[in-house]
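Based on the hints, put chain B in the right spot on chain A.
Sequence order for the protein chains is A and B. Here the first sequence stands for residues 1 to 152, where the numbers follow the numbering used here. Here the second sequence stands for residues 153 to 873, where the numbers follow the numbering used here.
Hints in this document: simulated from the structure, not taken from any laboratory. Here the structure is a predicted model, which is why all the values come from computation and not from measurement. Heads up, some of the hints might be wrong.
[To be verified] So the derived label-pair ranges between C-beta atoms look like this:
#	chain 1	residue 1	chain 2	residue 2	range
1	A	117	B	489	46 to 56 Å
2	A	4	B	746	13 to 23 Å
3	B	489	A	4	31 to 41 Å
4	B	183	A	152	37 to 47 Å
5	A	117	B	585	38 to 48 Å
[What the hints assert, rightly or not] Computed cross-link-like contacts, DSSO-like style, restricted to lysine-lysine with a CA-CA straight-line distance of at most 30 Å:
#	chain 1	residue 1	chain 2	residue 2
6	B	187	B	329
7	A	2	B	394
8	B	337	A	148
9	B	491	B	394
10	B	491	B	395
11	B	384	A	2
12	A	148	B	717
13	B	346	A	56
[Unchecked claim] Partial list, derived from the structure: chain B residues whose beta carbon lies under 8 Å from chain A:
#	residue
14	213
15	341
16	476
17	560
18	801
Beta carbons are placed, not taken as given, at the ideal position from N, Cα and C, and that holds for glycine.
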Amino acid sequence: MKTTLHLKVNGTTHTLSLNPATPLLYVLRNDLQLNGPRFGCGLQQCGACMVLLDGKAQPSCMIAVDVVKNQEITTLEGISSGDRLHPLQQAFIDEQAAQCGYCLNGMLMSAVSVLQETPEADDQTIREGLERVLCRCGTQARFLRAIKRVIR
Amino acid sequence: MSQPTRRTFLKKLGILTIGFSLPVSAAEDLPGSLKKTPAINAWLEVLADGKVRVFTGKIELGQGIRTAIAQMAAEELDLPMHHVEVVMADTERSPNETYTAGSASIENSAIAVRYAAAAAREKFIQLAAQQFQTKPERLKLKQGYVECRNQRKSFSELLEGKQITEAVKMPVALKPKGSYQLVGKSIHRPEIEKMVRAEAWYVQDIRLPGMIHARVARPPSYGSRLESIDEKAFRKQFPDLKKLVIQGSFVGITGPDEFEVTQAQQWLQEHIRWSAGKALPAGKDLVGYLKSMAGKGESVVQRGTISPNATWKARYVKPYLMHGSIGPSCAVAWYQNEKLQIWTHSQGVYPLREALHKLLSLPPERIHVQGVAGSGCYGHNGADDVAAESALLAMALPGTPVRLQWSREDEHAWEPYGSAMIFEAEARLDPEGRIQDWTLELWSDTHSTRPGGNPENLLPAQYLEKPFLPEKSLEVNGGMTRNSEPYYAIPNLQITAHRFNGPLRVSALRSLGGYGNVFAIESFMDELAEKACKDPFEFRLMHLKDERARATLLKLKELLKNEPKNPSEGIGIAFARYKNTAAYCAIAARVQVIQSSVRVLKMWAVVDAGEIINLDGIKNQTEGGLIQSASWTIREQVRFDHQQPITRDWYSYPIFRMSEIPEVEVHVLDRPEEKPLGAGEAVQGPAAAALANAYYQASNRRVRELPLLLNSYQEQIKPEK
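The shape of chain A in the complex, shown without the other chains (with noise of 0.2 Å):
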C-alpha cells in the first residue's frame, strides 16, 4: 500500500515512497530526519510537533502525509536562514527560554505563527497562540518574556 508523493518540507521537495496514511510526524522524523517536531502525545493535545502548514501553526502528530502533500510544511529547521537565527529563536537564547526544551518547539512554532498573523500582538493574542502547547517544567514565563522581546 505504498505509494509515491511529493512533499514540500522547507523549502524542498522531496519525493518519498510510503503509507498515505502516515502521520506527518512520522515522516518528518524517520524519512527527512528532522528533529524540529517531537513526539509528545499523538493525539493532537500537547503541540510538541507543531509545524507550519502553509504558514499556520498545526499539529502533526495525527494529520495524514497525503493530505498535506500539496502544502507547504515549514519545521523549525525551516525558520532560520542558513546560521542567522530567526529573530524568536535568537530571543529564547536572550532569554534562556528553556529547561528540558522539549516543548520548544511547539512554542516557537507556535509564536511564529501568532507574529506572522499579528505582528503587534498583546498578552492574550500570544497566550492564545500557544495554548495548544503544553511545558512541563514551568517555563512559560521565560517564553512569554522572549515573545515580548521581539515584538518591542
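Relative to the frame of chain A, chain B by itself:
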C-alpha cells in the same frame, strides 16, 4: 550522537582505586563525591588543544547542572566557558554518582569538580614552577596556559600529555571568592542554542544505521498476565514486521516502520487475552482505605510532652500526582558482539546497569549505559522502565539497534506516580499565641522505588516468565517524612508516620514527601495564625530562630509591601527550608476566586540557596517550580477505576496551559560565604501552601484536600464516594 568509548578509562580508574593508599579518614574529609572517587583524572582531563574535559556522574535534565559544573571548573582554572567540555553520566566514562536527584548535584558533583579543578591548578603551578625554575607566586593561569613573563606552557605541555592520576588531598586552596569572574553570574546554557536550532539533543533524536522501532503491548491492569495471543492472525495482519517478542507476559513488537509498529501495538492491545489483575479500590473513600492498609505508626520526632487540650485540629490530603513528562520515555538499545549498549535519560546510569545485569544475567562490563538528555522528568518516571524494555528487545534481536518510544498512554498510565498522602495535625497555643504543642500524624506510600541495582523495580521485570516482584514493606522511610518536622521553634513536638502500600505504582516525584508535608504544615500555620489573631508573617517570624530563614521571609514581606487589596482576590504566604537542611524558600501567591473558578495571578519567591553558582539557573528552576507546583496544586489528581488509572491523556489529566500561567517574580539572596545548595525542589511545598492560603484569603473557604480546583471533566467522572 554516539561518542567514542574509552574502555581503558574504567580499567585505569579501577587500578587507581585499588592502588589507592590514602587513609580512610583522609577520603572522608574530601568534599562531596570526591569521598568515593578521589582521583583528579576521574573528574578532569586536559586535552591537547588546551581545553579541559570535565566528568560528572550527573545528567542534564533541564536543571542546568551541566553549565553550573562547567562554571566551577572554568573558574578554578581561569578558563573561558567554551574551553570546558562536560561529559555526563556514562558507565564507561564518568564517575559513579548513582542518581541525579534530591537537589544534590551541586552539593556533591559540582563541589567535587571544583576541588578537582583547584587541585589540578595547584599541580599546574607546581609543575610550571619546576620547569620554568621560578617561584609559584610569579605564575599565572591564562586560557589554558601557565605564564611567567615571556614563558608559557599549556596545561597539556606541562603534563607532557599525561593526566593527573593523583587523588585530591585536603587542604586544597580554592580561588578567593572575591576574584570570581564566572561563578555567581548568570551564564547562558549552550544547549539552549542547540534546542532552538533543532539540533539532535535528546535520546529521541538518536538514529543509528539499521535501527528499528519498537512498542510494548500493555495489559489492562498492573497484575494481569498474558493468557493467549493469536500469533498467526497477527502475522497475517502485519507480514512486514520484524519480530514479536513474547517473554512471559512481556510483549514487544518491532519493525522498520514506526507507524506500522504503532498500529501493531494497537492491534495487540485489542486482541491479546489477559487475565484480570487485582481490582483497584475505585469508588471507595480513598483516605479511609489508605489509612486502613497502613502499618503502625513510627515516631519521626518526639520532643517534650503533648498535653491533651489542642487548640485546633485539621486534616489535609494530597492526591496521587504524575510526573507528566511532555516527551514520553524513550530508549535506544543495541546488542552486538556480546555487548549491550543503551542510550537512556535515566537519572542513574550505574544503578540501571546493575539492575540490568541482574535482569539479563549479563556481566556489568558487557553493559554500557550512556546518559542522554530526555524530556524533563522531575523524578523517577518511565525512563528506567523503557530502557529495560529496550534492552530485552535488543537482546532478542542481536545486531539490530532498537528504539523504543513509549506512547502518551504508556507514560500516563504506567509511570510510578508521586504517592497520595494524608496528614492529621493538632496544635495548642498559649495565651500569647505561641505554639506550645504540635502533633502531626502522616500516612504515605514510599517515595522511592528506583531500581537502585534491583531489577524488581523495572516494569518489564514484573511481567517475565519468572517475574521479579517488588517486596511490599510497611517500613517508614526518609522520602515520606521529608520536611515533616516544622522548621519552627516549638517546645513539644510529636511527628508520627505510617506507611501503606497503596493501589498505584509510586516512586520519587520532585521533592518527595516534602510537597505534601509542607502543604500541610504551612496551611496549618496559617490556620493557627488566625486562631492566634496574628498576621501570617508575624506568626511565622515569632517561631523562627534561624536568621537566614527570617531574612528570607522578611524579604518577601518587603516585596509585598505595596501590593493592593483587590475584591475577590487574596494573597497567601508560606515558608520552608527544603529537607530542613538545604535551600530556604518563602513564597507568596495572589489568586482570584470567582464562584468556583480560581486564577493564579502572581507568585513571588525568595530563595536562599547559599553561594550562588549560576544566578539565572536558580531563577529558572524557581520560576519553573512555582508554575509546576501551581499546576499540581490547582488542577492535578491521578484517578483510577477498578482496573487501571483512567487519567491516560492530557484531557483526563489536565495541567496548566498558557492562559493559566501566573506572573512570576523570583529574588535570590546572595550568600557567597555559605555552602552552595541545590535549589531545584525548594519551591514545590511552600508554593502549594501559599496557594491554599491565598485561596482562603480570597474566598474564606479553607481547602484542605488537593487539588484546589476540580475542573468540570473531573467532577463528572469522579468516582462516587
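Is it true that the C-beta distance of residue 489/B to residue 4/A lies inside 31 to 41 Å, as the hint says? Holds, since residue 489/B and residue 4/A (Cβ atoms, about 38 Å apart) stay within the stated range.
Next pair to validate is residue 491/B with residue 395/B; report whether the Cα-Cα distance is within 30 Å. Holds - the C-alpha atoms of residue 395/B and residue 491/B are around 21 Å apart, at most 30 Å.
Does residue 394/B lie within 30 Å of residue 2/A when you go C-alpha to C-alpha? Given that 30 Å is the threshold and the Cα spacing comes to 18 Å, the pair holds.
Take a quick look at whether residue 491/B and residue 394/B sit within 30 Å of each other, Cα to Cα. Given pair residue 491/B, residue 394/B holds - Cα atoms ~21 Å apart, limit 30 Å.
Holds or violated: is the Cβ of residue 560/B closer than 8 Å to a Cβ in chain A? holds (4 Å)
Holds or violated: 38 to 48 Å for the Cβ distance of residue 117/A and residue 585/B? Because 57 Å falls outside the window, the suggested range is violated.
Holds or violated: the hint that residue 476/B contacts chain A, with Cβ atoms closer than 8 Å. holds (5 Å)
Do the alpha carbons of residue 148/A and residue 717/B lie within 30 Å of each other, as the hint requires? Holds, at roughly 28 Å.
The hint names residue 801/B as touching chain A; please verify it with the least Cβ-Cβ distance against 8 Å. holds (6 Å)
Is the straight-line distance between the alpha-carbon of residue 337/B and that of residue 148/A 30 Å or less? holds (24 Å)
Would the hint on residue 213/B be counted as holding, given a Cβ-Cβ threshold of 8 Å to chain A? holds (6 Å)
30 Å Cα cutoff - pair residue 384/B, residue 2/A: holds (24 Å)
In the structure shown, a violation is registered for the earlier hints numbered 2, 5, in ascending order.
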